[in-house]
Amino acid sequence: MSQTKGAKKRKLSLEKKHNLTGWIFLTPATIMIAVMSFWPMIQAFILSFQTGKANKLKFGGFTNYIRMFQDKDFMQSLSNTFFYLIIQVPVMLILALILASMLNNKNLRFKGLFRTAIFLPCATSLVSYAIIFRSLFGVDGFINSVLIKLGILNTGYNFLGNATSAKIVIIIALIWRWTGYNMVFYLSGLQNIEYSVYEAAKIDGASPMQTFFKITVPLLKPTILLTTIMSTNGTLQLFDESVNLTKGGPSNATITMSHYIYDQSFKYVPKFGYAAAMSFLIFILVAILAFIQMKVGDKRD
Amino acid sequence: MTKTKRANALMYVVLTIVSLISVFPLYWMLISSTNKSVDVSRGTMLPGTAFFDNWKVLFENSPVPSAMWNSFKYALILTFCALLICSLAGYGFEIYHDKGKDTVMSILLLAMMVPFVATLIPLFRMFSAAKLLDTTVAFILPTISTPFLIMMFRQSARSFPHDIIEAARIDGLNEIQIFFRMFFPTMRSTYAAAMTITFMNAWNNYLWPKVIMTSDESITMPMLVANLTEGYVTDYGVLMLAVLLCSLPTVIIFFLLQKSFAEGITGAVK
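Keeping their order, the protein sequence lines are chains H and W. The opening position of the first sequence corresponds to residue 740 in the working numbering, with each subsequent residue numbered one higher. The opening position of the second sequence corresponds to residue -11 in the working numbering, with each subsequent residue numbered one higher.
Honestly, the hints are just simulated from the structure, not real lab data. Predicted, not measured: the structure shown is a model, and the values here were computed from it. Some hints here could point you the wrong way.
Said to hold, decoys possible - Pairs of lysine-lysine, PhoX-like flavour, derived with a Cα cap of 25 Å:
1. Lys755(H) - Lys198(W)
2. Lys(-7)(W) - Lys850(H)
3. Lys24(W) - Lys(-7)(W)
4. Lys941(H) - Lys845(H)
5. Lys986(H) - Lys198(W)
6. Lys(-7)(W) - Lys953(H)
7. Lys845(H) - Lys(-7)(W)
8. Lys24(W) - Lys888(H)
9. Lys756(H) - Lys850(H)
10. Lys906(H) - Lys986(H)
11. Lys1006(H) - Lys198(W)
What the hints assert, rightly or not - Beyond 10 Å from chain W on every Cβ pair, some chain H residues (computed):
12. Asn901
13. Ala902
14. Trp915
As the list claims (entries may be wrong) - Simulated restraints on C-beta separations:
15. Thr903(H) - Pro149(W): 53 to 63 Å
16. Trp762(H) - Ser116(W): 26 to 36 Å
17. Met(-1)(W) - Lys756(H): 55 to 65 Å
18. Leu98(W) - Lys888(H): 51 to 61 Å
19. Thr124(W) - Glu938(H): 34 to 44 Å
20. Thr4(W) - Gln930(H): 48 to 58 Å
21. Val1035(H) - Leu98(W): 17 to 27 Å
22. Leu889(H) - Leu121(W): 48 to 58 Å
23. Thr4(W) - Trp762(H): 20 to 30 Å
Note that CB positions come from ideal geometry on N, CA and C, so glycine has one too.
Could you put the whole structure together from the sequences, leaning on the hints where they help?
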């Protein structure tokens, strides 16, 4: 009797010990996220209610938040960022989905070669690819020299000097860099779908279009949701491309929110309070969009 | 039959075109690094002979070796620390999970929504107050623990058989030993995928080092490349050589770990 009691006690204490071990395992990571993400976020929130330059700050209420919506340059950066978001994210994700479902075909030859080629852009650093595209689309760049050789243009066209074409170059660059990355997620998701489902659909006489919309898209819904949230988040925080590809120009036509905030905090006289308020707006936008996407994505048909 | 054949042919055409578009800018970078700036502007698509001249100009005017060394140092130390901390946490969250830990995990996931630029100023003030600007510590700490990596390891720990843990416990291994001797070797592909992602992110990180690396001796490769475009006249040959050197490490890692990367992602998406 007492023996079993002892064993039970030992088992309980062992469970407690394991429970404690679990907490020890996750403590370092948890502390780091708390100190490096949550704590700065709280500080940014407090900072956003302060005005003044550099470290001479005083309480200013909602001044920064009001100023933000009257700041034409910031509003420009906001509309630029949304322009990228609305065009680039859907185009890229649809392209990635189509490519993934093509590569998922069992009878396809050179599958590995295609996959590697399409995924390769992800291996280049963000600064590198921004600069490659800047050079390709420069006035004396490769694209212009080809267009001149083909007789389409007489002189080099200043792609990066025109507001609309500069934006389009950024979108092309983004699609080039990230399509393969998202494709890998879809390919992984597709591998979890039994191939026999596709074969059955084929026997039933489903067209490739039908298979795509009736089988692939619904079954990949969780992965599509994941990639949509990731891409939205990434696009709202776009920085390297704006800085290195177009330098935000011509006259702020391509500048992103993160780029503008960086300039306000580190390039000119630092306005930390104002920059914090603007960056808080990004946080709110990310949260709202993620929330909407999760609500839409969770809907059961 | 002819219809499916035509569809098949179309598929190969589409995939070939997309593959060529994907590879072309990189091919162009490679070719341009061997050409003179004038020839690059002229649209040369063939290898030239100016590679060593470009090399000389680049190395004379920019601190390439130190930037290369810095980038490797920062990225490798960060990758090692992040993998250790996040895999321990992911394992802890899954294997010993209970209500309390699940709550903590869902709070941590909220950090995914925190934009880096929002934490940039407080982090900068924190590290400059601690006199840690221009140090490896400042480079690694903000991204040493990410919800993404923790989640990835938690997902893969889900497929780790509990029998192994029980058997190891009976054999007298303690919990830390079980983690390092049982979990770590089994989850190689997850570690490889996590390593690829973390190393690439660390190597490519531009915004944070731009803020904290104030001296020439501590700059990274992406910063060096970006600085080359600051002047009025850009030498495209030299620039593309720098871009090539900056991309080489991540491209090599990508080729080495490509297969396990795909496997690791598959495990995480499940």
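* Asked: Is the hinted pair Lys(-7)(W) and Lys850(H) satisfied, with a Cα-Cα distance of at most 25 Å?
  -> Satisfied, since the Cα-Cα distance of roughly 18 Å is no more than 25 Å.
* To do: Kindly confirm whether 26 to 36 Å is satisfied by the beta carbon distance between Trp762(H) and Ser116(W).
  => holds (33 Å)
* Supplied distance hint 51 to 61 Å, evaluated on CB atoms of Leu98(W) and Lys888(H) -> holds (53 Å)
* Hinted pair Lys845(H) and Lys(-7)(W), Cα distance within 25 Å -> The hint holds at about 15 Å.
* Are Lys756(H) and Lys850(H) close enough, with their CA atoms no more than 25 Å apart? -> violated (50 Å)
* Within a Cα-Cα threshold of 25 Å, do Lys1006(H) and Lys198(W) meet the stated pairing? -> holds (11 Å)
* Looking at Trp915(H) again, its CB stays over 10 Å from all of chain W? -> Per Cβ check, Trp915(H) is inside 10 Å of chain W; nearest 7 Å; violated.
* **17 to 27 Å as the expected CB spacing between Leu98(W) and Val1035(H), which holds or is violated** => For Leu98(W) against Val1035(H), whose Cβ atoms are near 20 Å apart, the range 17 to 27 Å holds.
* Falls inside 53 to 63 Å, the C-beta gap from Thr903(H) to Pro149(W)? -> Given about 57 Å between the Cβ atoms, the range holds.
* With 34 to 44 Å as the target window, see if Thr124(W) and Glu938(H) comply at their CB atoms. => violated (54 Å)
* **Restraint status (C-alpha distance of Lys24(W) to Lys888(H) at most 25 Å)** => holds (20 Å)
* Take a quick look at whether Lys755(H) and Lys198(W) sit within 25 Å of each other, Cα to Cα. => The given pair, whose Cα atoms are some 46 Å apart, is violated under the 25 Å limit.
Checked against the numbered hints above, the structure violates hints 1, 3, 9, 14, 19, 20 and 23; every other hint is satisfied.
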